[in-house]
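Given chain A, work out where chains B and C should sit, using these hints.
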Amino acid sequence: MTDVESPPAVDEAASAETPIGPVETARPGRGWRSGWKVERRLETPWFLEVAAIVGAILVAIAVSAILIALAGSDVLDSYRALYNGAFGTRNATIETLVQATPLIFTGLAAAFAFRAKVWNIGGEGQLWAGTMGAFWASLIFAGAMPRALLIVVVMAFAAVFGALWAGIAAVLRTRFGVNEIIATVMLNFVIINVLSYLLSDLWQDPASFYYQSERMPDVVALPRLFEGGRLHLGFVIALAMAAVVWFILERTSFGYEVRSIGVNPRVASYGGIISNRIVLATMLVSGAIAGLAGGSELTGIHLRLQLDIVSGLGFTGIIIALVARLRPVGVVAAAIVAGAVTNGATTMQLSTGVPAALVDVLTGLTLVFVLIGAVVVNYRLRRVSIVEGQA
Amino acid sequence: MNDYVSTALAVTVFVGAVRIGTPLLLAAIGEMVTERSGILNLGIEGILTFSAFIAFVTVDRTDNLVLGVVFGALAGVLVGLVMAVLTVTFKVEQVVAGLSLNLLGVGFSFYLLRAVFDNAASDLPSVRTWDVVAIPGLSSIPWFGEVLFTQHWLTYVAFAMLPLVWLVLNRTGFGLELRSVGDAPGAADLRGVSIERTQYAALAFGGFAAGLAGTFLSIFSTGLFFPTIAAGRGWIALAIVIFGNWRLGRILAGALFFGYLEAYQLTIQGQGTDVPQQLLLALPFVLTLVALVLNRTRSNVPLHLGVPYLRGQR
Amino acid sequence: MTEDDILLGVHGVTTRFPGVIANDDVSLAIRRGSVHCLLGENGAGKSTLAETMYGVHRPDDGHLRFKGERIDFRSPRDAIACGIGMVHQHFELVTPLSTIENVALGTTGKGWLDLESVRAKLTDLCGTYDVELDLDAPVGVLPVGLQQWVEILKTMYLGVDLLILDEPTAALTPAGVELLFASIRRMRDDGLSVILISHKMHEVTGVSDRVTVLRKGKVVDTVDTSAVDAAELTRMMVGRSVELSSVEDHPDPTDSVLRVEGLVVGDAGERGSLNGVDLTVEGRTIYGIAGVSGNGQSALFDALVGVRPATAGSVHIGGEDIAGLGPRRISALGVGSVPADRINQALLMDFGVDENLALGRHRDRPFSIRGLLRRKAFNARAREAIDDYEIATPGPGHITRVLSGGNLQKIVMARELEGEPNLIVVHQPTRGLDVSAADNVRRRLIAERDRGAAVVLISDDLDEVLSLASRVGVMFEGRIIGEVDDPVAERDRIGLLMAGVTDAHEAAADQVGEDDTDAAGGDPALDDEHEVVNT
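So the sequences go chain by chain: A, B and C. Here the working numbering = 1-based position in the first sequence + 18. Here the working numbering = 1-based position in the second sequence + 437. Here the working numbering = 1-based position in the third sequence + 848.
There could be a bad hint or two in this list.
What the hints assert, rightly or not - Computed list of lysine to aspartate or glutamate pairs in DMTMM-like fashion (alpha-carbon distance at most 25 Å, straight line):
hint: 1; chain 1: A; residue 1: LYS135; chain 2: C; residue 2: ASP1189
hint: 2; chain 1: C; residue 1: LYS1066; chain 2: A; residue 2: GLU57
hint: 3; chain 1: C; residue 1: LYS1224; chain 2: A; residue 2: GLU268
hint: 4; chain 1: C; residue 1: LYS1064; chain 2: A; residue 2: GLU57
hint: 5; chain 1: A; residue 1: LYS135; chain 2: C; residue 2: ASP1198
hint: 6; chain 1: C; residue 1: LYS1064; chain 2: A; residue 2: GLU61
hint: 7; chain 1: C; residue 1: LYS1048; chain 2: C; residue 2: GLU1312
hint: 8; chain 1: C; residue 1: LYS1064; chain 2: C; residue 2: ASP908
hint: 9; chain 1: C; residue 1: LYS958; chain 2: B; residue 2: GLU633
hint: 10; chain 1: C; residue 1: LYS1064; chain 2: C; residue 2: GLU1051
hint: 11; chain 1: C; residue 1: LYS1066; chain 2: C; residue 2: GLU1080
hint: 12; chain 1: C; residue 1: LYS1066; chain 2: C; residue 2: ASP1014
hint: 13; chain 1: B; residue 1: LYS528; chain 2: A; residue 2: GLU57
hint: 14; chain 1: C; residue 1: LYS915; chain 2: C; residue 2: GLU1080
hint: 15; chain 1: B; residue 1: LYS528; chain 2: C; residue 2: ASP1198
hint: 16; chain 1: B; residue 1: LYS528; chain 2: B; residue 2: GLU633
hint: 17; chain 1: C; residue 1: LYS969; chain 2: C; residue 2: ASP982
hint: 18; chain 1: B; residue 1: LYS528; chain 2: A; residue 2: ASP326
hint: 19; chain 1: C; residue 1: LYS1066; chain 2: C; residue 2: ASP1334
hint: 20; chain 1: B; residue 1: LYS528; chain 2: A; residue 2: GLU61
hint: 21; chain 1: C; residue 1: LYS958; chain 2: C; residue 2: ASP1077
Think of the hints as simulated: they come from the structure by calculation, not from any bench. Quick caveat, the model's predicted, so the values are computed rather than measured.
Chain A extracted, bound-state conformation:
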């Protein structure tokens, strides 16, 4: 707990001269007599953590303003358009929640795994696996069962497929020692090609030249929540999942074990917690949640399997999880903000010509500044006086 470090950049004196050798530093009787010491706080007050996140978002908005200006558009107009596109009308707000829905799922998937320090970067691939599971289930079961049951079964398939795809990476890690980051990323690349193959062959719509499936029957579609908007049952399921994830982590002994291996797997092992088992289970749960994202998007919005319908959502989920500091409630909030930005960016592009791709920059920058902020608030600066001439 004596982790005091030499100040990196804050120490003016240190940066003003090269700190080598006694010649520069041994200056009897005169010279600078005070400096700054950076030290770690034992505890960080919650309001500083919140302030760090808000501050990070503001800085990201400011930096993005420069990019907007570089693109030759008016900054205020652009941001105004962004806001109006996100929350300006009832429909815009609803659409924001539509955009947020899959991000809540993928954010939760990442957050859950990251709590165990299991780096599941494969939310993207598991989400694809989920769409494939949902599609396959609808091929088999549509018409064979009542609608309510069918929806349950389709979503269950999505979850199971997501879990299985994540399970491959989990087994590679626990049985063969393959780093799960590499494994999940490789599996992302694999599954997109598998899907592409299926859409060019077995599942291709015979009436289309494109790599896409036939439209799925309406009976599998998730019910809409309101007239005149695309918001569907998936949003409710996503909110429920946030509660479930919170409950698992905080109120079950499994969650206790998940968190324990995230803190220190060695200590956990002395408490009888077998890391490999928890890693496997964590990956399965995380993959299932990501799979649900796929099922929800496919049956709630698209109803047709295509190659680009959900791309990027898995990666954005990682950002959301990290910005939310891996807390389920935070994930919901961050996902809605990200959904708003995504939604508003379309309007912004139409009205001011700023590319909607700004979203990726804005979210990425937010993450980077949140990361820095989260560290900075753990430290404080203290003035150090070195009293002169006692000798």
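Okay, now just chains B and C, sitting in the frame of chain A:
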């Protein structure tokens, strides 16, 4: 069947292997040096994309290929230094920092692409590329001349980097410091070695090498830019470092192996084949996993890899 | 005493860390050509003071003078440049690198490495101090005694005027300590100043010229060693007069609780493996396991608590074979265990105190019912433990990270002694604790013994073992090579056993050398020429 075998042995496939292996080799060498200093930089994919884009834009705007290489490499250094600020100065968890740089690198490239080329994604220009340089004399050696000595100059640079990096790591004081920082930063610190400067330098070099790799993708081999141009090469480079056991020789072998794989796949695809194209495209990623499963020697892994160094917290 | 006699002056140095003042207005002077001891309990601020002299910490107040010049070190680099060297308690070596490379690190500049000149100078140094050392072997494979020499050589190579040794004897056998002290005297005779940090009285009186006693970050006094005796130093160090407790009567043992037969863990020859341990411990007994650390103590602990499986042999606890049982099942047999490293083995530092108190039993009633945690039970248990053990925490659910070492150990003890275990296995239970916290732990162990528990005390602090155990087994190279029934009376024999010497007639202490040519092979008992330092 015969067709597949003769294709596998064709000179053009080996030529392609070396060409396609070049960016993998560059990125993997850089990553290996970075990891030897104790920092795991997962942002390689982002660097490849960003530097490929910067090199592409530079050539598009200036028509100057040299400037393209310079700015492409500098773009890599820049991202490497951002990683250094995050992980070395602010001690952000390295995995998290690397991932965010990936997302940011790709995001920035995509945004700037749209901003620079007025949203006209459909008809992006292609730019001039460097020509292949046949080395006089050596290039006329049968087979080897074509495979090894009729390549881009950056390929020669990549190969030349192997002995140079080896010498710096193993025969200089800086190399000794770098390896020590990755294995035991506490020991190095107490010996007066600056952990921060060493890791900044290692990340800058890693970014530089990955920047060259990205540059190779856009203004050497294709003359194009698209946001998925890196296509997982950054991740494969990371895997190559792991199953290369942080040794240059095995890293070279890994880079050439994956280069060969892709060259072979491209060739038989070009010839027309019954094997679905998608399965061929998935093959390198599957084989990466297979290679990691089969080869589990990690004896050279830097002992302090991925752990931020906090003085006094040992 | 003139200015010229003083090599290093410490003037009113105050160093604060979050929540503690490690050094409070400390002043002292180190003379040229002397051995100066910093004496104090754990937590008295000795290491912080030494590290401040070495540029690791920067004082918040006050300053240092070296050779009369005022100095302001920003990093160890500055101290090294001045001619100050330091050997840390926990070695700071780059284990995959050779001795030559470790020595060369930071001394040769960034450019071309000239290892041959390093080798030449090192060979000279080794000659001067009679050290036999394979300069090209990775230092990670060297025995601890030699690793310490690598550390000393690293500093000597730079030509130091002041050498700081932080608890240098912790990992040495008694004979190894003598050898080190001989070298220290020699360095002093060559004109060096040596600062020796210790909390052991006999080391202070054995080798130092002057001693500064620290207590709670403050200097109690600086005196000539010849002018004081051990009892007085102890009083200064602890702040009250302490009766060096004579060993109490040990109660009569009951039936055997733990039976270990032929226990093998890990591969033979592997560092720290167990190569066939036999051991029986009865109830109402504290059985001490002494030995230089690294001789298999950790493997024994891990095997007893179920973290590492046995390769061969058996362990019976209360008559039950524990083969194949994990920590939770073993703990359910009535076993409590306190590992050596609180932070990396026992406690989840980012968890709440209440959650740590449940670790291991978190799946069982009352903490958990059908997989659901019962927060009320966590809270109730935590309040109980906080009261019983006087754990100083802001609240039962507060994050564990912020607590002091003594309070951390209280959490571990509270958890592991819950439910009156029959067998208690403790490993270095007082390491790093201040005197009252350590005393607390020892009294708890004695109380548990009196209740009827069998206690296995694994420790490389021989004094601790002697003060508690009624029977002592000495571990050496993965075996218990000797058992002593009257430990206090046979202290010398234990010392020899720690060095691997099983027959006292064969090896007189003065024959013992630091050489380790035969560490891995051969029966140490037959090797009467050399002390065989542990590997």
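**Study point:** Contradicted hints - numbers only
**Key:** 14, 18, 19 and 21
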